[in-house]
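Novice: Per this note's numbering, the very first residue in the sequence shown carries number 1295; after that it's consecutive.
Be aware that a few hints might be false.
Unchecked claim - Computed beta-carbon distance windows for the label pairs:
id, residue 1, residue 2, range
1, GLY1503, ALA1394, 39 to 45 Å
2, ARG1332, GLY1352, 28 to 34 Å
3, SER1307, THR1500, 29 to 35 Å
4, ARG1474, PRO1414, 24 to 30 Å
5, ALA1327, VAL1348, 42 to 48 Å
6, GLY1397, LEU1368, 39 to 45 Å
7, THR1388, ALA1510, 19 to 25 Å
8, ARG1441, LEU1507, 37 to 43 Å
Hints in this document: simulated from the structure, not taken from any laboratory.
Keep in mind it's a predicted model, so treat the numbers as computed, not measured.
Just so it is clear, CB atoms sit at the ideal spot from N, CA and C, and this is done for glycine as well.
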Amino acid sequence: MRPVDLAREHGLSTQAVRNYEDAGILPPAERSAHGYRRYGPRHAAALRTFLALVPAHGHATATAVMRALNAGELAEALRLIDGSHEQLAVDRRTLDEVEAAVGHLVEADPGGAAETFIGPLARRLGVRAATLRAWERAGLVVPARDRRTGYRVYAPADVRDVLLAHQLRRGGYGLEQIARVLERVRAAGGTEPLRAALEGRRERVTARGRAMLAAAAAVDGYLRRHPG
């Protein structure tokens, strides 16, 4: 099989196939008397396996897995695959955590609030000012300072974040959990956009999980057909 034949089957360029061989994704090709590459069933199987691994584990990990498999280093290939599964589990737990937290939130409209200082804000929440200072040290909400007096000035977005943090603390969430939620709220521009972003993230996590199942089947098939 010529490089162009292998490339055409998967909609790739001939150069891409050559690059994959050079990267160790494909086993070394046989060479004709004139030095032309010749590929066989194992090369086709390796390419199919790699293309199944990429959406599941990413290009870099997929490349490393194929290099390990082609070198007969099964333990290393499995270690790399395990690492991706562990990361997916972390991503899923974080997503669950943020979704659960957002479910407890009541959106505070920063557009309807004015700037305020630490005392009035603490009284509004029924907490001590020391609590807000502790949240600031934890990086949850970092208000600006009045240039003249040095007092903390909470902008409307800061007030929103303080209200969200307060609700989450009342719900039993730790400071690190709250920090992750607030980070995503700020990035999304509020909790409602965050909900939509989380739904999209959930879909991507699920799709990656499905891709990992397909990749596992592809790797297993490759090992069964070409164990050595």
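Novice: With reference to the structure, classify each hint as holding or not holding.
Specialist: Each hint, compared with the structure:
1. GLY1503 to ALA1394: 39 to 45 Å: About 19 Å separates the Cβ atoms of GLY1503 and ALA1394, which means 39 to 45 Å is violated.
2. ARG1332 to GLY1352: 28 to 34 Å: The hint (28 to 34 Å, Cβ to Cβ) holds, given that ARG1332 and GLY1352 are roughly 30 Å apart.
3. SER1307 to THR1500: 29 to 35 Å: holds, 32 Å
4. ARG1474 to PRO1414: 24 to 30 Å: Distance hint for ARG1474, PRO1414 holds at roughly 28 Å.
5. ALA1327 to VAL1348: 42 to 48 Å: About 35 Å separates the Cβ atoms of ALA1327 and VAL1348, which means 42 to 48 Å is violated.
6. GLY1397 to LEU1368: 39 to 45 Å: holds, 43 Å
7. THR1388 to ALA1510: 19 to 25 Å: holds, 23 Å
8. ARG1441 to LEU1507: 37 to 43 Å: violated, 58 Å
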